[in-house]
Every structure is written in structure tokens, then in C-alpha cells.
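Given the sequences, and given the hints that come with them, work out the whole structure.
2 protein chains.
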Amino acid sequence: MTKKIKKLSFIDPSGANLKEVKIFIDKVINELLNKASNAEKFPPLPKKNINLDKFNFNDLPISESEIFKKIKMIINNSMNASNPFYLGHMDSLPSTMSIVGDIICSTINNNMLSKETAPILTEIEKKVTTNLANKFNLGQNSGGVMLSGGSLSNIQAIAIARNRILNTSENGLIGLKRKPYIFSSKESHTSIQKAAMVLGLGTNSVISVETDKNGTMIASDLEKKIKKKIKNNGLPFCIVATAGTTITGSIDNLNDISRISNKYKLWMHTDAVYGGALIFSSKYKNKLNGIEHSDSISFNPQKWLYITKTCSILLLKNKKHLYSDFYTPLPYVRKNRNEYHLGEITLQGTRYPDVLKLWLSLQHIGNFSYSEIIENSIKFTNLFKKHLLTIRNIKISCDPQTNIICFRYYAKQNSDKININLQNFLFEKYNIFFSLVKFQECKWLRAVLLNPFFNTKHIKKICSAINEFTKENKNQKLKKSNV
Amino acid sequence: MTKKIKKLSFIDPSGANLKEVKIFIDKVINELLNKASNAEKFPPLPKKNINLDKFNFNDLPISESEIFKKIKMIINNSMNASNPFYLGHMDSLPSTMSIVGDIICSTINNNMLSKETAPILTEIEKKVTTNLANKFNLGQNSGGVMLSGGSLSNIQAIAIARNRILNTSENGLIGLKRKPYIFSSKESHTSIQKAAMVLGLGTNSVISVETDKNGTMIASDLEKKIKKKIKNNGLPFCIVATAGTTITGSIDNLNDISRISNKYKLWMHTDAVYGGALIFSSKYKNKLNGIEHSDSISFNPQKWLYITKTCSILLLKNKKHLYSDFYTPLPYVRKNRNEYHLGEITLQGTRYPDVLKLWLSLQHIGNFSYSEIIENSIKFTNLFKKHLLTIRNIKISCDPQTNIICFRYYAKQNSDKININLQNFLFEKYNIFFSLVKFQECKWLRAVLLNPFFNTKHIKKICSAINEFTKENKNQKLKKSNV
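Line by line, the protein sequences are chains A and B. Residue numbering for the first sequence follows our numbering, starting at 1 and increasing by one per position. Residue numbering for the second sequence follows our numbering, starting at 1001 and increasing by one per position.
The following residues of chain A were derived to be distant from chain B, with all beta-carbon distances above 10 Å:
| no. | residue |
| --- | --- |
| 1 | Asp212 |
| 2 | Glu223 |
| 3 | Ser324 |
| 4 | Arg337 |
| 5 | Glu339 |
| 6 | Asn382 |
| 7 | Ala465 |
Label-pair restraints from in silico Cβ distances:
| no. | chain 1 | residue 1 | chain 2 | residue 2 | range |
| --- | --- | --- | --- | --- | --- |
| 8 | A | Cys442 | B | Ser1324 | 28 to 38 Å |
| 9 | B | Leu1235 | A | Lys429 | 53 to 63 Å |
| 10 | B | Asp1399 | A | Lys19 | 40 to 50 Å |
| 11 | A | Lys438 | B | Lys1438 | 48 to 58 Å |
| 12 | A | Asn338 | B | Lys1385 | 31 to 41 Å |
| 13 | A | Asn286 | B | Arg1334 | 31 to 41 Å |
| 14 | B | Pro1046 | A | Asn455 | 44 to 54 Å |
| 15 | A | Asn338 | B | Arg1334 | 49 to 59 Å |
| 16 | B | Pro1046 | A | Lys429 | 52 to 62 Å |
| 17 | B | Glu1170 | A | Ser14 | 49 to 59 Å |
| 18 | B | Lys1135 | A | Arg334 | 33 to 43 Å |
| 19 | A | Lys7 | B | Lys1460 | 17 to 27 Å |
| 20 | A | Asn204 | B | Gly1015 | 47 to 57 Å |
| 21 | A | Lys135 | B | Lys1386 | 55 to 65 Å |
Residues from chain A that keep clear of chain B, each with C-beta distances beyond 12 Å, as calculated:
| no. | residue |
| --- | --- |
| 22 | Gln140 |
| 23 | Ile218 |
| 24 | Asn289 |
| 25 | Ile396 |
| 26 | Ser464 |
FYI, nobody ran anything at the bench for these hints, they're computed from the structure. Values in this document were obtained by computation on a predicted structure and should not be read as measured data. Note that the Cβ used here is the ideal one computed from N, Cα and C, for glycine as well.
In C-alpha cells:
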């Protein structure tokens, strides 16, 4: 190592800078933990824009104390999901062990491409995915792989379905006589459209199935639309069921969908990216009844299992389909015959070991406690609903099926605008952050009750703030009508 | 938070467990830093298999001290890329600031889906990708996005090319009259085949172009093959050039390829996943001459810029193509008109903020030091080559163009088997790890000289070990012929 390179650029493998590196890392961790331990004192999102002039590259190295100033600025201007009033998105407070897992993975910098580049972590991934597939009752041939996020899991699942049913691995889609179709509910996640676009099927190969007032797929409309496509010489090959929609957390009737997928011999993929966590709750896992019939399932521990991002799993009823229908050989890593590298059977090649933080958290928290955490968040969602419905002019979109609830201020005119104002009011005045979503042609405030420290105290504060807004709004209307 | 949940499961946002969390994290960091600071005392890869019985899920939570035991086991059974004798793959010693960046990202757990879920980090990503596009001289309309690994960057690049040239975003590939083709050298990375499979083109849409003895694409063969496909009613649409092949680190002649892509109006994608780092070396950036003509470039700071995995960038000459040819709307996050969320224009939705560790490292190390680190690793590669060639019966595959060199023991018979033995001998006896690769029908030991602490001392030890093997091998042959 040449002397001109800064002393702390790397951890010297002969120990020359151990002390200094440790002091700097300690300083950063103190800053981080102090912020996370005082999360409620800081807003859920930063309130001003930052001057980014100092963000350009620099030719000369900068000192550790300068770097530390920038780190503080970043910590203070980031989303603060540790604050229980951060209710906006499916972004959770991370489990302690997933932070620990990330620190380990970063420092050892292994590569989930192959067993050679991540010996023990590769074995752990196999164990964890097989255990999870069993938890979902996918049967004795099941297994899976991990991917960097739910969109990738959905893309790989539909790619496998496409390759398997339409035989497109080598020859592609050119020359197919009938146009292939995917069916998913109109409330399904946009990554299904993305998958269709990426996979060369085109976005218009996704047929949108109607939903009922609860946001779940109407099975009769699904069957009607499949029949119609078949009649018109189309080639339906895949149904995507959703267990936990993005807007309302609704769960499709998986048994109904499975009957239809069997009848027409279609691949059943369940996007359980959000709701899959219910499998850990002894009380509520029946909400996922029928999921065991899926040919594939996407599930993201990065949401309701509180694992740091990213952490997503693609499970297959028959894990052999990873090899038979999604295989690209890697000729530069040694392996035994009949073994496969994980980089050969995933959309990615090099991967971060997302499995470690998941495995450590599962071990540390344990199934029973996960069950309790999930059940608690449903309990508070129902309590929040009860309180919301006592407020004049507040309506909810539908009964919550998980821990997500959408509500809005109801007025005969300008309702959408008033709800935008409500979102701003709660955030600006009370540091309470809900997201704003569209459901059945209206704008709603959406609450995702993930934070395990969310409790009755928070519900009361939120409801009193909403109450204040509704009164102000009423007064404003009165004033206006007086003019 | 219910009392039954383990005290350290999460960092309590009201500070209740700050002290205990800090103690545990400190203990883990001490363990990690001590290992990294003594990297040469541990083998580059673990030497025995682990009993995995304890890896299953458990219903009851386990204690922090039990967790710590498992963490130690994991650290001790992982790939040890910090050891300068780890020369096997493109896996580098991580920069200190990328470890720091990961600790920050993990703890704040932001989400690069949108500005709402990662306010400041989204701005930093825009800055960094634009700065990098400028460094590659891609022109004033250039920009990019980050993805979890080079395979994803290659897939998204070719998807954009396909959508743009073949107009497949909405309608897909069905009904195309001519079969589309991608051209890449036979030494190009297997993710190009994977991309073709994923994108619905099929693996046989990738036409393999011959390479010369140095592993670089033969331009005349490229043009010949394009012409032939056009003649047979095929539809060439994309050339993938490689800047830093996986096996020998070879760089295609990018100016030649750009001329051909212009002539036939094909998209030019440069897979500079490995070699792209040369743009940081003032001495060697001319090796990438012509890269500025690329329509898209994949570049992985996770390799030769020493950023922890994963960290990959897709750069585009015209960044508008991200919106016009790879757009999937996200209806559940607020934005201003004419703005795009990063989750709408990347293969992934939710993403980890890979940008932070890159930005911090670029700031901390600075362009000048990066230049020096890269130049040093090339210097030692050439020195290693010189020493290797003094050893009887050792041949190299070709002159190294970057910091990768392949060598083998040359014998008239059983050469491949002898080289497998040589790899094992060096690893088992001397803790020196080279990968074993296939190049021009033979097996070679490949050295990737990434570690900035690799120096003359290591070269001497390696060469003396190889010398020992060649002598033993000679003796064995003599013994055998005596039998």
C-alpha cells in the first residue's frame, strides 16, 4: 500500500490502522443510534431542501472530520421510519439483528454468486428458503432464492412461468402464433406491468381483473376474461394473485384463484410481498389459505418482518424449475457436477447476502415473537379504525384485512383537494406522515401500521389532529359561504 | 411495544435500550475489525464444511450471547477477501467508507423507490450518476441509475435498446416479422445470455463473435456476422462491447465497434462492469478510448473501486431513454408533474441506497488516490507477470490489459489435471487462492490483483510456491516413468 493513499481508506489487513478505523466507525454508530433512540423528536421526513453544491466529486481526498459532517447532514435529511408517526409507506423500523447482519456482510463483503465466493452464507440461504417454502406449505419439492426486492422476484417468477409454459428460454417469443396473457387484479402492484414489459410480453399482455369494494379480485371476472382471451385465440399462461395489495392491504381469494388456474392449466403466482408475513401469525395465517397451491410466491421480509432493505424471496412449488427454466451457466467458478451456483439461477449474478440479516432476525426474535408483533399491528389497526370512525366526515375505504387502513375526509365538493390539505396539515403541524393514494377514483390517506412501538397514545394524538382539521375545514367553509 | 417481545429486537425510538444495543453492536464490530485487521492470518476461504443443523428456524427467541456465537461462526467460515492472497475473483477488500455507508443505510433503512422515501439519497444518486456519465464523456444529455449488480445493469440496458429500436414496450415481441439479434464477443459475460433469455429474445438471439489471442473481439468477424443476419432477414439491434472480460480482463476495441454500430444503426452497449474503473486513472483511461460513443454503459464500482456489494451503475448517453423506453408508473407516491421516481425507471422498485457508500468513498479517497490505487494494481500485475515467466513450464494466456492475469503449468499431457492440482496445492499448502477458468479450451489459474495491500512480498511467496509445485511435479513424472 503506497503511503500517499489515505491511512483510513481501507482496513489494513496487517492491523496498522485498526484503532483509528474503530474510533471513526464508533463515532458514526453513536450518531446513528442516538438519532434512532430519539426518533420521535425528529420529523418522519425532512422539511427543507438541501443545498447540494458540495455533492460533486472531488479530486483531492477529504478529511474524516469533513466526511463526518456530511454523514450528519445525511442522517438528518433522510426518511425517519423509526418515528411511530411515520405511517406513509411499507417501510419499517429495522430489527436490531438486521442492522447487525448488514454490518457483518458489509465488512466481510462476500458474494452470493456462488458457494466459492460465499461458502457458509450460500448454505444458510438454502436452509432459509427451504424452511420458508415449508412454512407456506408448498410441499416437499419446494425451495427458493433471494432477490434484491419484490419487483425482481415478480419478474423472475413470471419469467419462469413464461419459459416453462411457452418454451421461450432459447427461442424467445418470436414466432409464437398466439399472444400470451397474464391476469392480475386492477389493485395488483405495478411491478406486474414492469415484468410484462421487461419480459418482452409488453404491458398490454397484462389483463386487469375487476376488484370488489374491498380491493380483492372478483373471481368470476377473472374466469370471464380468461375465457374471452382463449376464444379470441389468445394464450393465457399466468395468473398473479395478490396477498396484501399496495393500497389497502387486501388479500385475493387464493382458493378461488387456484381453482381457476387449475381448470385452465395456468401458472399461479402469488404476490405476497406484503401479506406473506401473516404466515408467521398463528392467529391470522388462515388469511393466506390457498397460498399453498401457488406455483410461485414472492415474499418480502423487508416489509412486515422488519428486515432492512432489500430482502425478498422467490419461492417455488418445484424448485427444479429454477434449473430447468431459468439457467445461465457461469463458467468461471468451480463446482461439483449436478450442483448449481445461485448466480446461475437468479436474475442477478453477484448478490448481497440478504439472507444473513433475515436469518439472524428469525433466530433472535423467533417465530412466537414475530407472531405477536404481527398480531399487535393488526390489533392497533382495528383500534385506529374504531377511533377514525368516531370523527365526523371521516370515512374509511374498506375494512382493513392486514395492518393498512385508508381514510379520507368526505365532502360533497373538492374532496380530493381537502384530503391533500389534510395530509399536509398533519405533516406540517404535527409531524404525522401518511401517504396519499388513489383508490376507486378518490384520493385517500393511507396508514401502514408497521412500527412495533405504535400504540394507543399515537392513535389519540392522530385523531385529535384530524379532529382539529375537520373543525377548521368546517369553519373555513362557513366563512366562505358568508362572503 | 409489548413486554413479551425481546428487549433488543428493535432500537427503541424512545431510547429505552440504547445502551444494550450499543454494547452488542460494539462487540460485533470489534470481532469484525479484529478479523479484518489480521486477514493474512486466516485462509482466503474456509477449509472445512460446517455442521448446519443449528441453522433451522426456532420458535423461541435465542439470547444475544447465542446469536454472538453464531456470528463468530459465520465470520470464520466466510470468504476472506481482505487477505492479499485471495486472488480468485473480482471480489475486493471494501473501502472503509463503504462499510460506514452501509452501517448508515442499514440503520436509517431508506428506500430508493422515490424521493419521498429517500429524500436526500435520491438527490445524491442523481448527482453521482450524472458526474460519472460526464467522466465517461457521454455528453450533456447523459445520466443514469444504480442497480443491484452488473447483470441487472446489462439486462436493463438491453431492455431499453430493445424497446427503443423494436418498440416492444407495450406490444412485446409477438408479431415481429424478423428475429432480433444481439452481438457480443465469445468472451463476454454470461449475463448477456441471461439478458436475452429474460427479455424474451431467447439465448439463441445472442451471436457470439470471435476473439483474437488476447480475448478481444475481432471487428471483422462482428461485421461479417451482422451482414449475414441482415442477409437472412434477421434484425440486428444491439452490439455489446466488453471493457474488461471476466476471464482475462481484456478490452474490446471500442472505436472499431462504435464505427460498426453507427454503420448499421445498432445500439452500442459497453459492459464496462470491470474495466470501467480505468476511467479514474489518468495514466490508463485511454484504454477505454471509444467508450464515449456508447449508447449505454454498465459499470460496477463494487469491483475495482472497492465499494461493498452490490454497487452497479447503468449510464445512458441520453438519460431520457429511461423515461421514454423503460417507464412503469407508481401511483402510490406523490410527485410533481414531469418528475420521475427512480422506482419508475429501474428494473427494481424498492432499492437499497448503494449510492451512499460510493459517494462517501469517492469523497474520502478522492479521484487522485483512486487513480494511484488503480495504477498500482496494474504495476503489480506486470511485475507478477515478469516473475511468473521466469518459472519453468509456466505460461501466461495473454499480456494483461488490466490487473488480471491467467497462467498455467504447461505439460504435453494432462495439463488441465495438473493445473487443477496446482490450484489445490497453492490453496491447501500456502493459503493462496486463485480461481480456475477456461480460456481457449484450456484450464488456467486466474489472478485478480485487486487488493491494495498486495505487494512484492506476496509475489515472491506465490512464485516460490509455484516453483515448488513444478519441481514436485517434475519429480512425480520421473517417478512415474520409472515404474
